[in-house]
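Each chain, letter by letter, is given below.
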Amino acid sequence: MIYWSHYITFYLFSAGISAGAMIVSLTSGFINRNKYERIVRMGAYIAPFPIMAGMALLIVDLERPQMFWLLLTTFKYSSIMSVGAWIISLFSIVSILYFMLNLPKDYLRLSSMARAITMIKSAGFVLSTSVALYTGLLLSTLAARPLWNTPIIPVLLFISAVLDGLAAISLVLLLTQIGRKDASASDKFMHTVDFMLLYLLSLATVVFLVGMGRSTQSAASALGIVMSGRFGALFWFGFVAAGVAIPLIAAAYRLLMKRQGQWFDFITASLALMGGYILRSVIIEAGQTAQAVLY
Amino acid sequence: MTKSPKWAMIIDTTKCVGCFACVAACHNQNDLELTEHFNRVEEQEFGTFPNFSRRFVPMQCQHCDNPPCVGVCPTGASYKRTDGVVAIDAQRCIGCKYCILSCPYNARTINRAHGYVHKCSFCISLVESGSMPACVSTCPTGVRIFGDINDPGSEVAKLAHSKKTSRIGKDLNTMPSIYYIIE
Amino acid sequence: MSFDKKITRRAFIKTAAGGTLAAGLAAGTVSCGVNNEKRAASPTEAAADIKKIPTQCQGCGANRCGIYAYVKNGRLWKVEGNPRTYNNAGTVCPRGHAYIKELYNPDRIKQPLKRTPEGKYEPISWEKAIEEISTKLNLIIMDNSPQSVFWIQYPMANIPLAFRFMHALGSPNTITHGATCFTARNAAFNATIGGLPDNDLKNSRYIICVGRNPAAGVKLQQIKDIAEAKRQGARLIVLDPRHSETAAIADEWLAVRPASDLAFLLAMLNVIIEEGLYDHQFIDDHTIGFDRLRDEIATYPPEWAEKLCDIPKEAIYRVAREFASYKPRALIHRGYHGGYGAGYLNSFQTARTVAILNAVIGNYERVGGLFLPLKPTLGELEKGGHPAPNIPEVEKADGAGVPGRYPAASYSDGIAHAVPELALAGKLKAGFVYHMNPVRTNPNPERVIAGYRKLELLVTIDCVMSETAALSHYVLPESFFLERDDHVDTVHSGKVAELTVVQQVVKPMYDTKPLLDIITGLSKGLGIGKYFNFTMDELNALRLKPFGVTLEELKKEGVIEVGTRWEEGFKACKTPSGKVEFYSEQLSQWGLDPMPRWQAPLVSPDPNDKHSFRLLHGKQAIHTHSMTANNPFLMQLSIRYDMIRLWINRRRAEAINLKDGDTVLVESDIGKGLVRVRLTEGLHPSAVWMPSGYGIFSKYLTTAYGKGINYNDFLNTLFDPAVGHVMSNEIIVKVAKA
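Protein sequences appear in the order of chains S, Y and V. Okay, so the first sequence: first residue is 1 according to my numbering, each after it adds one. Okay, so the second sequence: first residue is 296 according to my numbering, each after it adds one. Okay, so the third sequence: first residue is 479 according to my numbering, each after it adds one.
Next up, chain S with everything else stripped away, as it sits in the complex (with noise of 0.2 angstroms):
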């Protein structure tokens, strides 16, 4: 019986890509605001937006809408839900704070507050994490889906998120043409970031795979859901080939033969972000299906 549609599949997406275009963001711009500004701003102005629309879906998915405020005039600490949906609404305020901050113009009147700005960036950071691991942890965190209930689904997720971000920062300046002038220093700190994040991802799916498979007969049934049938084509067309083999392939053959070429550059972004989709969707799906106990 599936509960959660592909709105939750969405919602964790689009969480994952903002988070992940917050970390990216502040990452370098720590390293290197100057160099990398395009990364920076991009990452900015992405951050708020696709969480927006996830939540709005994530709404939609309740069978009750219009009571969804319970969740924010309530705080349960046990509940990863309820625990994510403050974090959610925080990070949600922060990144509009930081998107107006990496404004051209400053309307917020801050560039001399220098420690506000410190303040700003550190709950950015801070929040950001937290949501990235926070769309892992709310699946992990059930021992009643074997699928989910593995300490490596939030590492996974995590590392998706912030590829994700990567891979939507890359795709929005790439049809933007916004800095194109002046991209080879950053152009070359995302290839190499993104080589790292899905080198990062495989090793993390080969622990998942062989994980669950020698693990518990229930686990081991659950990867079997995902591996095969209905399932099985989407994993491993749809998140290992497309979504992590080729843009891995890609991005080492990029950063080896020191090639540009922004339609490259332009497909490989957007197969990191079907794969981020593909992998959750296939995750969401398959995990409801799943049984811990077995009949």
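Hints in this document: simulated from the structure, not taken from any laboratory. Think of the CB as a built atom: it goes at the ideal place given N, C-alpha and C, for glycine as much as any other residue. Please note: incorrect hints may appear among the correct ones.
[Claimed, not checked] Restricting the straight-line Cα-Cα distance to at most 20 angstroms, the calculated cross-link-like pairs of lysine to any residue (SDA-like) are:
no., chain 1, residue 1, chain 2, residue 2
1, Y, LYS465, S, THR141
2, V, LYS973, V, TRP1044
3, V, LYS708, Y, THR309
4, V, LYS529, Y, LEU421
5, V, LYS708, Y, ILE477
6, V, LYS579, Y, LEU327
7, V, LYS708, Y, VAL352
8, V, LYS708, Y, GLY437
9, V, LYS680, Y, GLY437
10, V, LYS853, V, ILE637
11, V, LYS1137, Y, VAL352
12, V, LYS1137, Y, GLY342
13, V, LYS785, Y, PHE344
14, V, LYS1137, Y, GLN339
15, V, LYS529, Y, SER420
16, V, LYS530, V, LYS973
17, Y, LYS459, V, LYS708
18, V, LYS579, Y, GLU331
19, V, LYS708, Y, THR460
[What the hints assert, rightly or not] Okay, the calculated beta carbon distance ranges per label pair:
no., chain 1, residue 1, chain 2, residue 2, range
20, S, SER5, V, GLU609, 56 to 62 angstroms
21, V, ASP1120, S, ALA53, 37 to 43 angstroms
22, V, GLN589, Y, ALA408, 48 to 54 angstroms
Assemble chains Y and V onto chain S, guided by the hints.
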């Protein structure tokens, strides 16, 4: 002073013939929609012809003492009562379905018409008026025994504390209030 | 049971509330302080106007369990078992719970209907329908004879009305579904002990079910008593080609080769007689023909039987010895449809052997054995000044009970599946079908349709548009059982004598009438109105007269025990000799085997063809005949649990490349159909098994239409020579991947 009651159930699968009377009685008692179910019957097969056997395992909310559904509920709609019943406050349920997915026993269902999650309540309104839950009273072979586990003289308490019974999904640490006789 | 102290709600809340917070915090699960005992579990818990009315369940037609129907805010809500009934003792089966939902089934017939020349149905008023039917029937009776009219129905409490109506017309042709169900068993027990016994399962110490599966062909009292007997240490043996639901709680499943139960039973009898394990005193005092039986049975040792029935001889010896060792508190279940009700050419002999095996251990009228159930004698209409019509002094058209035709068949059951044949031969011209669906439940639907189509007048009285109704010239909607008052009934009797009654729970939703009103209306136009000048209340009052119980009392209680209880001790049999007849002179005179004798089945699967199987069928607990498949809740269960599947032995299935859930083409010499398979180790390799409640093809039954197939689609029209039963397991089919 006697302890207040804590409800528990014994399900003796060695007596179950898989007739679905409990499923049908529950459906009426709780005014469920056509495809909704608070309980179900799982079937298992063992052996090869002609040394073969089957087992029917009635399943429903286990009224866990450590209920994952109560923990994950973001609004506090799911709660545990002192009488052992895991209940849902329909007024606080927003229909996020997180609890449905958190339940290892697949015991919860969503009422699409009203949008709240609901499930077996041990027919607590019947129990409080001195009757048995609908699934218990209709069972022709006496698969189900219901009672107060805090009453050491009760059949439920005796069986629950005996070696004959076990609980489903021990490694999940849910501590169900339903005890099964499997062999 | 520990739960006997009554707790008031207020006291309960008071004691419970104190500990709530602490428990919540300790579990680390609640942090927002919303744990409140008074919260409603669901909006439906709100205060409601609830009425509780005792009546009788009609969810299977046969058991008619005592129930309480609950009406909540004017709408039927639920049923509970009446705890005072001998029959179901407080429990209700799944069909009973679900069947009440039929009240609100949109497929119900909402007013009388008449068939148009195009085969459509249009509404007609009751007056017009009754008038047209009477006119036509009068003409048919004038042109032919009253005997050209028949009435067919399940044998329900109100069947005396049908007999009265038909006898008044001058026709003996009142027929039940018996020949498709149980007549071999009834005839065999009649020949042996002069009646159909009941089983004292509760007190038995050793129970053998031969094909009988009370867990799915639900008889609540039987399955309840088996569970109770087992609790007290009884052993339960199930002899069945399929691992039945009863086998699921049995101590031993004997996977007999289909159609060879007789071999197993003859060998059991052989062991008990050869080894002198029988009850010598009982045989001396209460039986005849034992010496002849001993000679006959000597030829059936277990060494002979094991080759036929696939049960190792060691098991036969052991079961025979165990069975005899518990005498007289051991029994072979008297059976129903499964095994030998109407299954095989040798069913009559199988049932005879069951009757005799019970007799040789002397368990008749003993605690833990078989006994003739008490039947309180109801008061008759004649006592109230309503003379009965004479019983027509003509033979039944179907030959039931007629020497030279089907001598062992009973007058009251007749032979249902002979109707199409008789209609085609022009011997039956008009018929009434009451709450029965021969087009779906009789063999070879094509032929049944041809026969029923041939009738000049066909009237169906039912609540839904069954396949048979959809062939009829007129369809008269009867009020649903929860909408009408009906007969006082004694079906609940066994070791105690009990009265029950059907009474109105809710007002009729549509333009429907109870059967008595329909018959009364018809009788006026047919010139037999003088036999139907009473109301249901008058009829019931007369039925109750001998017991000193008023109708009001009975309606209040639902069930009232009357008269004496069953007591242990042999009573003279209603056989010609007054004794248990191992050798039956009567059967001999009819040209039938006077003693049980091995008889091979009529047909057998080809052992060299890996696609050839015997087609068996049986009930699932959630369905009755063809009447519940259209119940949305029950059909939903069938689908949810994937129950509309053909069972097939795993090894045989794999030999023809079948996987679980594959669709197969099933084909016999008269029909074919597609169905999905369930691979199992719980079925004899020579057979496939089909659940019997599906294959509805009336397009008016929107829920059930087109779901699954039915064994009748594959069964030839057959008549067993003794009782004319349907021999419903004498089907060979080919099964192949579709």
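Okay, the hints, checked on the actual structure:
Under the criterion of a C-alpha separation no larger than 20 angstroms, the hint pairing LYS465 of chain Y with THR141 of chain S is consistent with the structure, at around 17 angstroms. With a CA separation close to 5 angstroms, the supplied pair LYS973 of chain V and TRP1044 of chain V stays within the 20 angstroms bound. Restraint check for LYS708 of chain V and THR309 of chain Y: the C-alpha separation of about 11 angstroms stays at or below 20 angstroms, so the hint holds. Restraint check for LYS529 of chain V and LEU421 of chain Y: satisfied, since their Cα atoms lie roughly 15 angstroms apart, inside the 20 angstroms limit.
For the suggested pair LYS708 of chain V and ILE477 of chain Y, the alpha carbons sit about 16 angstroms apart, so the restraint of at most 20 angstroms is met. At most 20 angstroms may separate the alpha-carbon atoms for a hinted pair to count; LYS579 of chain V and LEU327 of chain Y meet this at roughly 12 angstroms. Pair hint LYS708 of chain V plus VAL352 of chain Y holds up; C-alpha atoms about 19 angstroms apart against a cutoff of 20 angstroms. Using a Cα cut-off of 20 angstroms, the hinted pair LYS708 of chain V and GLY437 of chain Y holds, with the two alpha carbons roughly 11 angstroms apart.
Simply put, LYS680 of chain V and GLY437 of chain Y have alpha-carbon atoms about 14 angstroms apart, close enough for the 20 angstroms limit, and the pair holds. Of the pairs offered as hints, the one joining LYS853 of chain V and ILE637 of chain V holds, with about 16 angstroms between alpha carbons and a cut-off of 20 angstroms not exceeded. Among the hinted pairs, LYS1137 of chain V with VAL352 of chain Y is inconsistent with the structure: their alpha-carbon atoms are about 25 angstroms apart, more than 20 angstroms. Note on LYS1137 of chain V and GLY342 of chain Y: the hinted pairing holds, with a Cα-Cα distance of about 18 angstroms set against a maximum of 20 angstroms.
Annotation: proposed proximity of LYS785 of chain V to PHE344 of chain Y holds, straight-line Cα distance about 17 angstroms (limit 20 angstroms). The straight-line distance between the Cα atoms of LYS1137 of chain V and GLN339 of chain Y is roughly 18 angstroms, inside the 20 angstroms bound, and the hint therefore holds. Under the criterion of a C-alpha separation no larger than 20 angstroms, the hint pairing LYS529 of chain V with SER420 of chain Y is consistent with the structure, at around 17 angstroms. Taking the CA atoms of LYS530 of chain V and LYS973 of chain V, the gap is about 28 angstroms. The hint is violated against a cut of 20 angstroms.
This hinted pair checks out: LYS459 of chain Y and LYS708 of chain V have alpha carbons roughly 17 angstroms apart, not beyond 20 angstroms. In summary, the hint linking LYS579 of chain V to GLU331 of chain Y is supported, as the alpha carbons are separated by about 15 angstroms, within the 20 angstroms threshold. Taking the CA atoms of LYS708 of chain V and THR460 of chain Y, the gap is near 19 angstroms; set against the 20 angstroms cutoff, the hint holds. Our hint of 56 to 62 angstroms for SER5 of chain S and GLU609 of chain V holds, since their Cβ atoms are close to 59 angstroms apart.
Hint check: ASP1120 of chain V to ALA53 of chain S, Cβ distance near 40 angstroms, so the stated range 37 to 43 angstroms holds. In this structure the hint that GLN589 of chain V and ALA408 of chain Y lie 48 to 54 angstroms apart at CB is violated, the actual value being about 31 angstroms.
The structure fails hints 11, 16 and 22 (numbered hints given earlier, in ascending order).
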